[in-house]
Amino acid sequence: MSLVLYAIADPLGDPGQHLREVVEGGLAAIVGDHDGTRLERRGENLWRYERVMEELMDERAIIPARFGSVLTDEPSVCGLLRDRHYELAATLERVRGAVELSVHAGWVEDAATAAPDDGTGYMQARLAQHRRAQEVSELLSPLGALARAGRRRVLPDQSLPVHDAYLVDCDLVEAFTELVHDIDARREEIELICTGPWPPYSFARALDDQRAEVAV
Amino acid sequence: MARVQLRARHDRGGLVSGARTLYSSPTMRAPRTRHVGLIDLLDRLLAGGVVVRGQITLAAADIDLVDLNLAILVAATDKARGR
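Just so you know, the sequences run in chain order Z and B. Throughout the first sequence, residue numbering follows the working numbering, covering 1 to 216 in sequence. Throughout the second sequence, residue numbering follows the working numbering, covering 217 to 299 in sequence.
To be clear, the hints were calculated from the coordinates, so they are not data collected in a lab. The reader is advised that the hints may include incorrect statements.
[Said to hold, decoys possible] Here are some, though not all, of the chain Z residues that point toward chain B, as calculated from beta-carbon distances under 10 Å:
#1 Leu88
#2 Thr91
#3 Leu192
[As the list claims (entries may be wrong)] Which bits of chain Z does chain B cover? Going by a derived footprint, with three or more residues having C-beta under 8 Å, they are:
#4 48 to 54
#5 64 to 75
[Said to hold, decoys possible] Coverage of chain Z stretches by chain B, computed from C-beta distances (three or more under 8 Å per stretch; other residues unrestricted):
#6 101 to 107
#7 179 to 185
#8 195 to 205
Even for Gly, the Cβ is constructed at its ideal location relative to N, Cα and C.
So here's chain Z without its partners, still in its complex pose (with noise of 0.2 Å):
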């Protein structure tokens, strides 16, 4: 019997869901029976073990684990919190309180626009997709003032292609939701999307991990 990795949280007892928490050193990994199966990446897995840390968001701080993440056993849970104790307390009072909210930004594309049919056109494509996405991010800007930490990536996706990641104090989530609004409202062209409240996985990580990984 392994152990499934959920979340690394402060210790308050009993977290439900059948569910349990191993404390090593003031901080508990919240973990649950394996039984050595496939963790299928199938749709409803996935929004179960969403739904397990949506529940466990709504108690307390966490920070959440990588969906199949797995332990042999406690002692390496207990190894996992002792080894890493200083980088996941910090990660954790980083995200006290705050919460993950996504951010998709792009513009509706000139209907007369045509795929570009050889190097040159689709260098130019390539050269004013990054233009736009560059005036987009330009716009989303007053975001992160409202935000205490931000992620943003430029994908190569034909309608929305920035994508950020905010972590968000709780009581600023309205503020956020509306200053996305006035932003949508400024320009016709630009399309917005906001969702959340998402527990802060894209502020799981050490900081010094998450600067080596911002790609703009």
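Add chain B to chain Z, keeping to what the hints say.
Showing chain B alone in chain Z's frame:
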């Protein structure tokens, strides 16, 4: 320490989650906003979260159970497979 209840639960085919679309441009249609919600879920669960290093077993569909001594990025595997 009790947390503020922020979310109303939203039913997704029998499964209930609190994360939802907080705002979307009026031009966006429902199927597209649902699609973005799913992308956000996958992105977070499979590429976010704290990664456990050390003796771990990552089990996922299409990938045999493997005991690893290294951190494995499930998302990177997905990208390499072009999913």
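Against the structure, the hints come out as follows:
The criterion of a C-beta within 10 Å of any C-beta in chain B is met by Leu88 (chain Z), whose closest approach is roughly 7 Å, and the hint holds. Taken as an interface hint, Thr91 (chain Z) checks out: its beta carbon lies about 7 Å from the nearest beta carbon of chain B, inside 10 Å. Given hint, Leu192 (chain Z) at the interface with chain B, holds; its Cβ is 5 Å from that chain's nearest Cβ, closer than 10 Å. Judged by the Cβ-Cβ criterion of 8 Å, the region 48 to 54 of chain Z is covered by chain B as claimed, because 5 of its residues qualify and three suffice.
Residue count for the region 64 to 75 of chain Z with a Cβ under 8 Å from a Cβ of chain B: 9. That meets the three needed, and the coverage hint holds. Coverage of a stretch by a chain is defined here by at least three residues with a beta carbon nearer than 8 Å to that chain's beta carbons; for the region 101 to 107 of chain Z and chain B the count is 3, and the condition holds. Judged by the Cβ-Cβ criterion of 8 Å, the region 179 to 185 of chain Z is covered by chain B as claimed, because 3 of its residues qualify and three suffice. A count of 9 residues in the region 195 to 205 of chain Z with a Cβ less than 8 Å from any Cβ of chain B is obtained; the coverage claim is therefore met, three being the minimum.
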